Amino acid sequence: MNVFNIVIAGVGGQGVLMASKVLAESALASGMDVKQNEVHGMAQRGGSVISFVRIGDKVYSPVVMPGSADILISFEPLEALRYVHYLKPGGMLVYNKGTINPSTVASGLATYPADVEEQISRACGGAHGIDALAIAQQAGNAKAVNMVMVGSVLKKLPIDAQVVEGVVSALSKDKGVEVNLKALRGGGAAA
Amino acid sequence: MKKIISGNEAIALSFEDSGGVFASGYPGTPSTETLEEVARLGNVYCEWAPNEKVGLESAIGASLAGGRSLATMKHVGVNVAADALMTLTYTGVNAGLILMAADDPGMHSSQNEQDSRNYAKFAKIPMLDPADSQEAYDFVRAGFEISEQFDTPVMLRTTTRISHAKGIVEPKGKIEPKVGAWEKNVPKYVMLPNFGKIKHVTVEERLLKLQEFAETSPLNRVEMGDTDLGIVTSGISYQHVKEAFPAASILKLGLVHPLPEKKIREFAGKVKRLMVVEEMDAIFEEQIRAMGIPVHIGKDRISLCGEVSADIVRAAAGAPITAAATAPVENLPQRPPTFCPGCAHRGLYSILSKLKVYVSGDIGCYTLGALPPLSAMHTCICMGASISAAHGMAKVNEIAGRAEKPVAVIGDSTFFHSGITGLLSMAYNNGSALVIIMDNRTTGMTGGQENPGSGQILQGEPAKQVNMVDLVKVLGIDNVVEINSYNLEETEAAIRKGLETPGPYVLVDRNPCILRYRVKKPLYAVDQDKCTGCRACLKASCVALGLTSSGEKPKVGIDPNICNGCGVCAQLCKFDAMSEA
Numbered sequence: 001m002n003v004f005n006i007v008i009a010g011v012g013g014q015g016v017l018m019a020s021k022v023l024a025e026s027a028l029a030s031g032m033d034v035k036q037n038e039v040h041g042m043a044q045r046g047g048s049v050i051s052f053v054r055i056g057d058k059v060y061s062p063v064v065m066p067g068s069a070d071i072l073i074s075f076e077p078l079e080a081l082r083y084v085h086y087l088k089p090g091g092m093l094v095y096n097k098g099t100i101n102p103s104t105v106a107s108g109l110a111t112y113p114a115d116v117e118e119q120i121s122r123a124c125g126g127a128h129g130i131d132a133l134a135i136a137q138q139a140g141n142a143k144a145v146n147m148v149m150v151g152s153v154l155k156k157l158p159i160d161a162q163v164v165e166g167v168v169s170a171l172s173k174d175k176g177v178e179v180n181l182k183a184l185r186g187g188g189a190a191a
Numbered sequence: 001m002k003k004i005i006s007g008n009e010a011i012a013l014s015f016e017d018s019g020g021v022f023a024s025g026y027p028g029t030p031s032t033e034t035l036e037e038v039a040r041l042g043n044v045y046c047e048w049a050p051n052e053k054v055g056l057e058s059a060i061g062a063s064l065a066g067g068r069s070l071a072t073m074k075h076v077g078v079n080v081a082a083d084a085l086m087t088l089t090y091t092g093v094n095a096g097l098i099l100m101a102a103d104d105p106g107m108h109s110s111q112n113e114q115d116s117r118n119y120a121k122f123a124k125i126p127m128l129d130p131a132d133s134q135e136a137y138d139f140v141r142a143g144f145e146i147s148e149q150f151d152t153p154v155m156l157r158t159t160t161r162i163s164h165a166k167g168i169v170e171p172k173g174k175i176e177p178k179v180g181a182w183e184k185n186v187p188k189y190v191m192l193p194n195f196g197k198i199k200h201v202t203v204e205e206r207l208l209k210l211q212e213f214a215e216t217s218p219l220n221r222v223e224m225g226d227t228d229l230g231i232v233t234s235g236i237s238y239q240h241v242k243e244a245f246p247a248a249s250i251l252k253l254g255l256v257h258p259l260p261e262k263k264i265r266e267f268a269g270k271v272k273r274l275m276v277v278e279e280m281d282a283i284f285e286e287q288i289r290a291m292g293i294p295v296h297i298g299k300d301r302i303s304l305c306g307e308v309s310a311d312i313v314r315a316a317a318g319a320p321i322t323a324a325a326t327a328p329v330e331n332l333p334q335r336p337p338t339f340c341p342g343c344a345h346r347g348l349y350s351i352l353s354k355l356k357v358y359v360s361g362d363i364g365c366y367t368l369g370a371l372p373p374l375s376a377m378h379t380c381i382c383m384g385a386s387i388s389a390a391h392g393m394a395k396v397n398e399i400a401g402r403a404e405k406p407v408a409v410i411g412d413s414t415f416f417h418s419g420i421t422g423l424l425s426m427a428y429n430n431g432s433a434l435v436i437i438m439d440n441r442t443t444g445m446t447g448g449q450e451n452p453g454s455g456q457i458l459q460g461e462p463a464k465q466v467n468m469v470d471l472v473k474v475l476g477i478d479n480v481v482e483i484n485s486y487n488l489e490e491t492e493a494a495i496r497k498g499l500e501t502p503g504p505y506v507l508v509d510r511n512p513c514i515l516r517y518r519v520k521k522p523l524y525a526v527d528q529d530k531c532t533g534c535r536a537c538l539k540a541s542c543v544a545l546g547l548t549s550s551g552e553k554p555k556v557g558i559d560p561n562i563c564n565g566c567g568v569c570a571q572l573c574k575f576d577a578m579s580e581a
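Protein chains in written order, with our numbering: chain A, 1 to 191; chain B, 1 to 581.
Possibly wrong hints are sitting among the right ones.
Reference listing, derived: stretches of chain A covered by chain B, where coverage requires no fewer than 3 residues with Cβ under 8 Å from a Cβ of chain B [unchecked claim]:
id: 1; segment: 76–84
id: 2; segment: 89–95
id: 3; segment: 153–164
id: 4; segment: 171–184
With the Cβ distance kept under 7 Å, some of the chain A side facing chain B (calculated, not the full set) [stated by the list, open to error]:
id: 5; residue: 46
id: 6; residue: 47
id: 7; residue: 50
id: 8; residue: 60
id: 9; residue: 67
id: 10; residue: 103
id: 11; residue: 104
id: 12; residue: 106
Taking lysine to aspartate or glutamate and the EDC-like style, the derived pairs with C-alpha atoms no more than 20 Å apart in a straight line are [unchecked claim]:
id: 13; chain 1: A; residue 1: 58; chain 2: B; residue 2: 170
id: 14; chain 1: A; residue 1: 182; chain 2: A; residue 2: 160
id: 15; chain 1: A; residue 1: 21; chain 2: B; residue 2: 36
id: 16; chain 1: B; residue 1: 3; chain 2: A; residue 2: 117
id: 17; chain 1: B; residue 1: 395; chain 2: B; residue 2: 500
These are calculated hints, taken from the structure and not from any lab test.
Quick caveat, the model's predicted, so the values are computed rather than measured.
Ideal Cβ placement from N, Cα and C applies to all residues, glycine included.
Can you make the complete structure from the sequences, with help from the hints?
Given below as structure tokens:
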């Protein structure tokens, strides 16, 4: 198998890192080579976050080059637009429709693009938006947005859904197992 | 069992598996998680030092007492520890000693982009440069062996994409830690000039032996392939090279100082074109050229600045780069990091911004106060420089007859790191600046690590907690006032008094980091009838605030999912439109 490139984008604090961890652990559990990388440090303070998961027989670089992502998962529409050029021709984009104001918008220095979803569609024809917050809340925890987003792309991954569910169960604590599995499946149903 | 872990975690695990006894360091991206992981694994003693120099010196002591030791720091931390390093290279070690230096090419979270490989050359010591998590694991073990075999400190250099990227690691067998003898050896460990002169010769001889070692060590590996292009590379650059040219011949260096001259010459002789791929400085290329070996592609095609990527390697060798499906979307609103909702720094900076004073800044979350709309920091150089620089400014202002008093802003961890000596100098040399210590009792920017003011050690257990006010007083500062920066009126009055009073004046804000200590207060809400859309509150730069309508004078609302109830925005509102929800 050639290398399958996943890019996960979002805002610091949204759980991009945990989503990446789930995918990376699932690849390892499936016997594949995997590299995962995000740059953190200043990201926690509400900054833009981008994370890479690369899966295959043999993976060298932990970095996904712009123009080579098979899937872009974005936890926020503006961040989908910011990283849409990472997609390869024919690559798939799933994004969460819930918006989060950047500090530049919150302080009145910039305006959040009102037509963000139209711009996404223009940049990527098959882009699919879901209301991840509503699905996460239905599952029992608004913070499970990250699991909803993972669930939304599960069918497109070269990993068995059962393996991912096993990893999510192992990484979740007590009551979180049920909530996260519900969120994962809810995301799958919304895809 | 195979695990998927980061380079930092791999170094920590290998330190434990390789007979490590003592680890110390100071937090700094991208090195921080290494010591945190040693603590989490829990089987080897480790601690946060107040700065990198103390961390390395403690590791030196541990080595002299017979325990394998590790000092961790980011690249700029090596500057702080360099005084110890440059003589440690003369004394050598007793038990193995590794200095981990984590570089940050691309400056994801750093103030400069220095290449730590220069330090290995400068200190004339071996340096290992792992290319993934497995090598990070393997090179710790190799590092201890080299350190003990050649009686030398070893530098283990990572970059952000090694420290933070996760890859699969298969741990090797565990070596039980052994503590060796603690012996007195004056000529070896007391660097008086007479002993130092002898040791300098030893250092030069050691380097020649290490060069011989480098020629045959499996740490440096040749992967022969297509001989049209031969690439010399190391570390993360190796991965980018493999992505770009999987069939090319590669000389992959694991031991990046000293270089194996014969091996390089032999490799260069087998390939048509020699390319050198290295991030940041032309360390390999300059040395290879000095050997008289022609380099066909190097820093003439690959920038000295920023990270290398597969496409940069492709482009440098004249190969096509990845075709983009769509161009980057231009003119999007930026999403820079900012103060957390509820952060105590926000109130302080909104006042400094309003007063338009000159702010001498420092390294930490509060450096973000330099960004608009707060725009209230005017210099930031290195750890601790806020106070010393403000002192110099005040002296020149005095000479020039300028009345304005500079303001230094520094966090608690940075103050303990290297702000204390600056303040001591200000008191001693009859200086005059207003110093504001943001004592939030954690090392915030790196994720909330413990420090001497936290009352906790690295493992979270209780510890001595330094009293900031007493510490400041004992340095010779008479005017020390505690403030609460959530109260804007009182804080502004305190700042004005500090600016008007001649001599050094210190304000200490003792509000804890809301992220580290999970502070949650009653939320605020906006009365939409009272809001006039004047936007005075937006100057606080809080992401919980947003416009609730469009049109000419849109009103402001507070997102209850984001608000932390600090009340700073409510105090900025002149129309009493904001109150506890």
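_Hint by hint, where does the structure go against what was stated? Just the numbers, ascending._
Violated: hints 3, 4, 7, 16.
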